[in-house]
Amino acid sequence: MSKFERETHVINGVKTVLYTAGHGEPVVFFHGAGTVDGFDFAEAWTNKYRVIAPYHPGFGESGDDPSYTHLNDYVMHYLELFDALKIDKVNLVGLSMGGQLAALFASQHSHRVKKLALICPAGLIDPQNPMIDVLAVPGEQLVPMLVSNFDVLKKKLPEKPDLDFIGERYRESATFARLFWEHPGDPKFMRYLHRLKMPTMIVWGDEDKLIPVQQTETWRKFVPNADIKVYKGAGHLVHLEKPEAVEAITNFLG
Amino acid sequence: MSAALRFNVMHFMPYVHLPENHKDYKSTWVSFPNKYYDPHKGYELYQQYLSQLVLADKLGYDAIVVNEHHNTVYSMMACPSIIAATLIPQTQNAKICVWGTPPNFMLPNRLAEEYAMLDVLSKGRLEVAFPLGTGMEYWSNPVNPATARDKFRESLKIILQAWTEDGPTTHYGEHYTYRFLNPWPRPFQRPHPPCYIVGTGSPETIDIAAEYGFGYASVFVTQQRAAELNETLRQRAQSFGNNLRPDQFPLQTWVYVAETQEQAEREFIGHFQRFFEDFARTSPQYLAPPGYLSVDQLKQRAALADKMHGGFDFEAISKSFFIAVGTPEKVANQIGEWSVKMKTNHFNNVMHVADMPHWKCVKNLTLFAEEVMPRLRSRSSQYRMAAE
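Residue numbers (the numbering used here), protein chains in the order written: chain A, 517 to 770; chain B, 8 to 395.
Bound-form chain A, shown alone (with noise of 0.2 Å):
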């Protein structure tokens, strides 16, 4: 993270570190529900952008609050914190469970977003591709199904998982338990999409063993203008497997 600052911010209490670089538009960047992958790869649009990668309560270098039980909690929890950074509109990127959260935000705050980008995005309930139970999944199983070319996340990872890195992993499983042990899909989420008329783009890896690539087609009814992109040989974390699915967001982006 050579080119990223570390910004300590308290929102409503809660302890939020952000990791901010480049002048320009704002793009926030939403981490899924796990923080191992980074965000190394969002320097490529520092050139353009003053980019925002915040952790989310609950995960990473972030503070605990175990009052937030639903998504939208975290939409409130970025409104102030956008309002603190004095941030109106801004570009969403999100991953996974933070493609969700980007797009559930976009979905109220539509006004406020003015690009948004969505890498595998969680949150469709869609009973002929259903995203697995990653709660249903042991951790130690989980992390290689979310890569094709599993060199990429393992230069990620310590060699021996220390005690601190399973404590941190199981914090992070424990945050996304408290929000989605009861009911992993909300009807809600989708009832909705269709506000989502900002310029949208969706980028998936056709090997994704989290959630189904034949997702983009529920997404296309949903949201009929999204620009989709799928990459051949990619998994879940289509945006580490293949730089080109990162260059599309920031020629999408402008």
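These are calculated hints, taken from the structure and not from any lab test. Since we're looking at a predicted model, the values are computed, not measured. Any given hint could be a false lead.
[Claimed, not checked] No farther apart than 16 Å at their CA atoms in a straight line, the calculated lysine to aspartate or glutamate pairs in the EDC-like style are these:
(1) A/K676 x B/D313
(2) B/K306 x A/D680
(3) A/K737 x A/D642
Following the hints, put chain B in place on chain A, whose structure we already have.
Relative to chain A, chain B alone:
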């Protein structure tokens, strides 16, 4: 309660007919296929187990302890109150201890009513304990492990309010809303049956027991851990103004008595080994669903699991847990020693383990009642003085 020694018989009612290929499964909990449950065999086992517990009452044991687990061969007591209700008319004197149903898996008013019914049915012989439930239960029941501890606290508050305040009352909480909390019947014992918290000694459960002045039934903890836990609980309870009695520290023990030491070990160890290796076999994922433990507790347990990966070693396990196996004299001495060391007069004895056949359990129950209990009771004043 007087300071007399108290002996419980705790039963798990395991389903013992494991298929030959059961080792192919990493866990006999949560996901172990229920096609392997044969209800005809289950019927036979229930008959055996119930007769063992009825015998315990006749032999003069002070209490019978049943408990709740789900999706597992480890226990056929998914609903322990049903077992308790079955035992009540067949027993005379023994306390009936439902230790117990995790309140998170029931509506709190429903559990308050169920226990009140058992208390009235038994004319006040009921004792209850409130477990959070093992991690495994949260994979088997649709309850969020990450909010379980909060919900547990709120449930307890509702149950105690239901028992101690004249209804109707109201409760407006985070997890439950009661506009008319007014359960019928009310418990036979006033203000309510004796209560315990069940746990493995997490700071959160200790604090609940300390605050309410409840006993603490620790399960599956080492001798060292139990000693620390009891001391912590004693001090924490005092900080809430609660002075706990010795009988509020039930000590979970595994007991087997036979004519000679050699015979006792020969008759017992195989079953005990299968208890550890097969009936208690589960996975780290099932033990700690997300948010069930604090991150600190998770790390402590992960460190411990790393240390304990060796195979079954009876001698080592005997040294670290409370296991008394041998002649009546040896078992009596062992329990007497623990009574002093742990400052308790309350022994929660597991006397049937894993696939132990009926005759061994009957023999164990009988020898302990006729040969061990009299030895200990005759010395009880001496233990009491030492404990004090």
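Here is how each hint holds up against the structure:
1. A/K676 x B/D313: 13 Å, holds
2. B/K306 x A/D680: 8 Å, holds
3. A/K737 x A/D642: Answer holds: A/K737 to A/D642 is near 12 Å, not above 16 Å.
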